[in-house]
Amino acid sequence: MTTTARPPAPPVRSHPENRKWVGKSIRRVEDPKFLRGRGGYIADLVRPGTLHAAVLRSPHAHARIVSIDTDAAAALDGVYAVVTGAQAAELTEPLPDFGPDPAKHTWRCLAVDKVRYVGEGVAVVVADDRYLAEDALALIDVDYDPLPPVVDPERALDAGAPLVHEALGSNLAYERTFDFGDVDADFAAADLVVRDRLRWHRSGGQPLETVGAIADFDPSTGQLTAHTNSLSFTSYLFMVANTLRIPANKLDIHQVPAGGSFGSKLFVTKPLVLAAMCSRLVGRPVVYLEDRVDNISNCDHHGSDRVYDVRLAVTRDGRIRGIDIDTVDDYGAYIQFGVGHHGNALAQVTGPYTIDSVRYRVRAALTNKNQQGAYRGFGSEVNNWMLEQMVDKAARELGMDPVQIRRRNFIRPDQFPYFIPTGNVYDSGNYDAVLDQALEIGEYDRWRAEQTQAREEGRYLGVGLIAAQERSVFSATEFWFWFDEPGAPVTSMPESVTLNVDATGGITATLYSCAFWGNSPETMVAQLVAEEFDCDPHDVSIIYHGSQGGLPATGPGGSRTTVMLAGAVEGASAKIKRKARRAASELMEVDPDDLEWFDGGYQVRGVPEQRKTLGDIAIALHLFKHSFPEDVESGLEESQVFDHPYTTMPSADRKDLGVFYPFMGHACHVPVVEVDIATGEVRILAYAAVHDCGTLVNPRSLAGHIVGGTAQGIGTALYEEFVYDDTGQLITSSFLDYSIPTAMEVPHLRIGHVETPSPYTPHGIKGGGEGGRMMAPAALNAAVNDALAPLGVRVTELPMTPDRLRAAIRAAGVVTGGR
Amino acid sequence: MKPPPFRYSSPTTVADAVALLAEHAADDARVLAGGQSLVPLMNFRLAQPGHVIDLRRVAGLDTIRLAGGELVIGAMVRQATAERSPEVALAAPLLAEALGHVAHPPIRNSGTVVGSIAHADPAAELPAVALAMDAELTAVGPGGERRITAADFFQGPFTTALGADEILTEVRFRSFPGGHAFVEFSRTHGNFAVVAVAVLVALADGRITRSAIAASGLGGTPLRLTAAEQAWEGSTAGSAAIDAAVDAGTAGLDPAGDLHAGSATRIDIARSCLREALERATERALDRR
Numbered sequence: 012m013t014t015t016a017r018p019p020a021p022p023v024r025s026h027p028e029n030r031k032w033v034g035k036s037i038r039r040v041e042d043p044k045f046l047r048g049r050g051g052y053i054a055d056l057v058r059p060g061t062l063h064a065a066v067l068r069s070p071h072a073h074a075r076i077v078s079i080d081t082d083a084a085a086a087l088d089g090v091y092a093v094v095t096g097a098q099a100a101e102l103t104e105p106l107p108d109f110g111p112d113p114a115k116h117t118w119r120c121l122a123v124d125k126v127r128y129v130g131e132g133v134a135v136v137v138a139d140d141r142y143l144a145e146d147a148l149a150l151i152d153v154d155y156d157p158l159p160p161v162v163d164p165e166r167a168l169d170a171g172a173p174l175v176h177e178a179l180g181s182n183l184a185y186e187r188t189f190d191f192g193d194v195d196a197d198f199a200a201a202d203l204v205v206r207d208r209l210r211w212h213r214s215g216g217q218p219l220e221t222v223g224a225i226a227d228f229d230p231s232t233g234q235l236t237a238h239t240n241s242l243s244f245t246s247y248l249f250m251v252a253n254t255l256r257i258p259a260n261k262l263d264i265h266q267v268p269a270g271g272s273f274g275s276k277l278f279v280t281k282p283l284v285l286a287a288m289c290s291r292l293v294g295r296p297v298v299y300l301e302d303r304v305d306n307i308s309n310c311d312h313h314g315s316d317r318v319y320d321v322r323l324a325v326t327r328d329g330r331i332r333g334i335d336i337d338t339v340d341d342y343g344a345y346i347q348f349g350v351g352h353h354g355n356a357l358a359q360v361t362g363p364y365t366i367d368s369v370r371y372r373v374r375a376a377l378t379n380k381n382q383q384g385a386y387r388g389f390g391s392e393v394n395n396w397m398l399e400q401m402v403d404k405a406a407r408e409l410g411m412d413p414v415q416i417r418r419r420n421f422i423r424p425d426q427f428p429y430f431i432p433t434g435n436v437y438d439s440g441n442y443d444a445v446l447d448q449a450l451e452i453g454e455y456d457r458w459r460a461e462q463t464q465a466r467e468e469g470r471y472l473g474v475g476l477i478a479a480q481e482r483s484v485f486s487a488t489e490f491w492f493w494f495d496e497p498g499a500p501v502t503s504m505p506e507s508v509t510l511n512v513d514a515t516g517g518i519t520a521t522l523y524s525c526a527f528w529g530n531s532p533e534t535m536v537a538q539l540v541a542e543e544f545d546c547d548p549h550d551v552s553i554i555y556h557g558s559q560g561g562l563p564a565t566g567p568g569g570s571r572t573t574v575m576l577a578g579a580v581e582g583a584s585a586k587i588k589r590k591a592r593r594a595a596s597e598l599m600e601v602d603p604d605d606l607e608w609f610d611g612g613y614q615v616r617g618v619p620e621q622r623k624t625l626g627d628i629a630i631a632l633h634l635f636k637h638s639f640p641e642d643v644e645s646g647l648e649e650s651q652v653f654d655h656p657y658t659t660m661p662s663a664d665r666k667d668l669g670v671f672y673p674f675m676g677h678a679c680h681v682p683v684v685e686v687d688i689a690t691g692e693v694r695i696l697a698y699a700a701v702h703d704c705g706t707l708v709n710p711r712s713l714a715g716h717i718v719g720g721t722a723q724g725i726g727t728a729l730y731e732e733f734v735y736d737d738t739g740q741l742i743t744s745s746f747l748d749y750s751i752p753t754a755m756e757v758p759h760l761r762i763g764h765v766e767t768p769s770p771y772t773p774h775g776i777k778g779g780g781e782g783g784r785m786m787a788p789a790a791l792n793a794a795v796n797d798a799l800a801p802l803g804v805r806v807t808e809l810p811m812t813p814d815r816l817r818a819a820i821r822a823a824g825v826v827t828g829g830r
Numbered sequence: 008m009k010p011p012p013f014r015y016s017s018p019t020t021v022a023d024a025v026a027l028l029a030e031h032a033a034d035d036a037r038v039l040a041g042g043q044s045l046v047p048l049m050n051f052r053l054a055q056p057g058h059v060i061d062l063r064r065v066a067g068l069d070t071i072r073l074a075g076g077e078l079v080i081g082a083m084v085r086q087a088t089a090e091r092s093p094e095v096a097l098a099a100p101l102l103a104e105a106l107g108h109v110a111h112p113p114i115r116n117s118g119t120v121v122g123s124i125a126h127a128d129p130a131a132e133l134p135a136v137a138l139a140m141d142a143e144l145t146a147v148g149p150g151g152e153r154r155i156t157a158a159d160f161f162q163g164p165f166t167t168a169l170g171a172d173e174i175l176t177e178v179r180f181r182s183f184p185g186g187h188a189f190v191e192f193s194r195t196h197g198n199f200a201v202v203a204v205a206v207l208v209a210l211a212d213g214r215i216t217r218s219a220i221a222a223s224g225l226g227g228t229p230l231r232l233t234a235a236e237q238a239w240e241g242s243t244a245g246s247a248a249i250d251a252a253v254d255a256g257t258a259g260l261d262p263a264g265d266l267h268a269g270s271a272t273r274i275d276i277a278r279s280c281l282r283e284a285l286e287r288a289t290e291r292a293l294d295r296r
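Top to bottom, those sequences are chains A and B.
If you count the first sequence from 1, you need to add 11 to reach the numbering used here.
If you count the second sequence from 1, you need to add 7 to reach the numbering used here.
Accuracy of the hints is not assured; some may be wrong.
Claimed, not checked - In silico lysine-lysine, BS3-like type, Cα no more than 30 Å apart, as pairs:
(1) A:LYS666 / A:LYS636
(2) A:LYS115 / A:LYS125
(3) A:LYS31 / B:LYS9
(4) A:LYS590 / A:LYS35
(5) B:LYS9 / A:LYS125
(6) A:LYS636 / A:LYS588
Unchecked claim - Not the full set, but computed from the structure, chain B residues with beta-carbon under 8 Å of chain A:
(7) LYS9
(8) ASN198
(9) ALA268
(10) THR272
(11) ARG278
To be clear, the hints were calculated from the coordinates, so they are not data collected in a lab.
C-beta: ideal position from N, C-alpha, C; glycine also.
Given only the sequences and the hints, what does the whole structure look like? Please build it.
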């Protein structure tokens, strides 16, 4: 490989030893309020007098709106406003859109000239309550002129396919092929080229509370105050202000616990814009809270929906040299985040392996479906599944053991920091250690013996084993390195914390981005503060600052929150301690350099009885400022804005995408399944998951992430799919048809942790919010394929429904199956 | 997901309920029991009754009793109550077993046995049980009371022999001495069945003397698999008899496919469920003797 000139890495940190709180399992500080029903979700915050909005959804996949008659709806008693898409386009600008060339696929809060998917909003009604609002929706008469729908993503790219957006001139929103390394040479040198075609269907996060917003516009000040359970990109709120034509400094957004996001509430602006538009129009507070059908059909956060044609270049001894990936991704009717999902894939495209070259062709197809957004993994989980499928297929074709082929290709611990061909760096890792522990707690050898026994009895047991990456802490370059013209320098993606020590020494931490998303920001900050100040984490008070006047904050996404908050806490704590040290030195009349921090206070080195606790220092700073020199201000409060610690520019020719997802976790999952070949039912008999997310802050809450993510991965693998039929009808518009695994379908997980600290983050922490779902689909597919290996069956399409499994088994000649 | 306006009555006698149903017939009046099917349909606005007549306060509808060898379950008996009832366990263990497959416990706490039968969802469990047990349904209308056999009751998806002016007040199950089994395949726990099979079998001297086999999920109504019954009755209980019953019971079926299973998969699943149910019912019949 050629050596690329790269910007230097940040300095390698030394991490403190003998930590008191970081690494300790504690009860989450958020739990009591949620368990007592005092979480304060959107529906809890609706006050008497607030008006309710409801959205009329398109019943058509693709149709021109000929006319809309709202007279009867507007005349209904208790209805305050009926706004059509055309009227909304007069009141608001298009919604914030990070996609390529948004002017060619303009996205608005309500459809204007035509509807592009079933569920797209056509009009909004504001009424005294949601019942009345829905009564009014039933009175709106829309005259549609149906158009032929575009449903299949590959057919969408055919010449002559109906156009989702005429202005774009085709349904291809983006196409590019990247070569990293010498792909052709690696394929020419391969002993074996493994090929496959793989299909991953769309599913999505299913929050308990759907997306909602309460907006209150004050005409006397021009200020819009809103509560919403979305919007993690706090630093990008000015874009919403632009959509609403409100000055950014007149927009105050207050954080509301997500009630479940899993990515699906990432920067959801539509409900906020609808509520705000309506509030300004009628001069009263308005709530818009999606119902379940709204959320499933119109949430703008369906997950990836990909077709893959892949080639893997392998040598006879099992070394993987190159990979050639060609994917078509069905983005639905809009493309709000561009192909950032593939940036996620490119962050870890070669997995934990020393693959030298990558060809990556992506085509983003537009179809008549709800658009893609974010779902736990943001597209990297699909890449994990694809790669592990290919590695397993290579092992099968080479007659190698799945463990052996992985060990053969692992990046070794002494190779870190390791730059993969795309230019992203893996900071640290120890993949053999993770695999060793997974084989042990997963009882791999015992299950292999059981499998042999079961096969003799005509039962189809399978052991899955996958080893895959869990990238964390994204840099926004991945949203624009697709284009030759960079829109910006490297973005810094800040996160901020303010620490205030009151006169009694009590600590309050102020956070500036989203409230609870499942990532326990309050627990993380409480533990990190406790680590710095030797207090009990449950004694740390956590509050949120609304967006107005708030410090820079980006919010959750790409498993960044804990690392970024840790940096902010570290910086703010250092400032507090600097001031406290100086104050203590004044109070004790000793040189600051003679003081050391010990057990919650400063004491004179070697003279432990001469000390001031943080409380002693704080009361002096709060009440007795004149005891201190002129330049010491009253109080003890400091803030830190922490910026992304390691991200670099892509090269101009895009042969190297720079560092954009550097803190690389890793995991190995080992599920054991039994497939009933007569019915296509998959039962999970055992499941082991070992993760390495660097230094653990709270093993207990990370285990919760692993269990929850794995449960969602089980859904992706076996149950969940947004199904659109050939006419573009969404036939899974409620939980009657969209199947989600229950506790009964999720087995007990055996969880293990390996800790390989990051050299570049506070304490060596890496993000771990998405890992379970990034592994489980691949692992379960591997297990099912292992079970069906005696029949020669490989399943290449998720979810693995009874229909798909039976079709594959039937094709292998087992007509009715069973005994 | 909110219903349009409707009127609500809560009568205390069957006669009053029947009178209200007649009085508000023009408003598409509907009877409400546990509300686990009607209320979601109203929330989706798929059902828009102008008047809802709640049976909750009607006296005498919430009892389970054994009368003359029959198990009688009133229209307001909750599924959870029936599931835990000693009378049901004694007289209709097939029903007790099936109730464990109906949705989740919170739904069974509200949903009623009779309501599920009256709703006649072709994927539901209890209609298949009613059909296998030759249950009789008591309907009360302006003209008085009549009995409808389960075989006559189910006419199509969500369509029954009940008149628009009638209310189901109870279901009567005759006990079936022998073995029973209820086997269901669903995508996830508590979901509607893709296919469910109810089997009753009586043995004498190791031979199958009498059986009743019904299934849901294989047509627009629950199906009585009489071909399967005929195929194994008279045979010695065992795998040959079960093979014959499985083949006969699933021959000629042409179920409509849906999202959860296509037609061919549905038959594959039916064969598997039927086999398991026949085996389990036979074992239990052998145990009883």
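Hint by hint, here is what the structure shows:
1. A:LYS666 / A:LYS636: Since the Cα atoms of A:LYS666 and A:LYS636 sit roughly 58 Å apart, the hinted pair is violated (cutoff 30 Å).
2. A:LYS115 / A:LYS125: 14 Å, holds
3. A:LYS31 / B:LYS9: 52 Å, violated
4. A:LYS590 / A:LYS35: The given pair, whose Cα atoms are some 29 Å apart, holds under the 30 Å limit.
5. B:LYS9 / A:LYS125: It holds: about 27 Å lies between the C-alpha atoms, which stays within 30 Å.
6. A:LYS636 / A:LYS588: 17 Å, holds
7. LYS9: Holds: closest Cβ of chain A sits about 4 Å from B:LYS9, inside 8 Å.
8. ASN198: This hint holds: B:ASN198 lies near chain A, its Cβ roughly 6 Å from the closest one there, short of 8 Å.
9. ALA268: 6 Å, holds
10. THR272: With a closest approach of 5 Å, the B:THR272 hint holds.
11. ARG278: Holds: closest Cβ of chain A sits about 6 Å from B:ARG278, inside 8 Å.
The structure fails hints 1, 3 (numbered hints given earlier, in ascending order).
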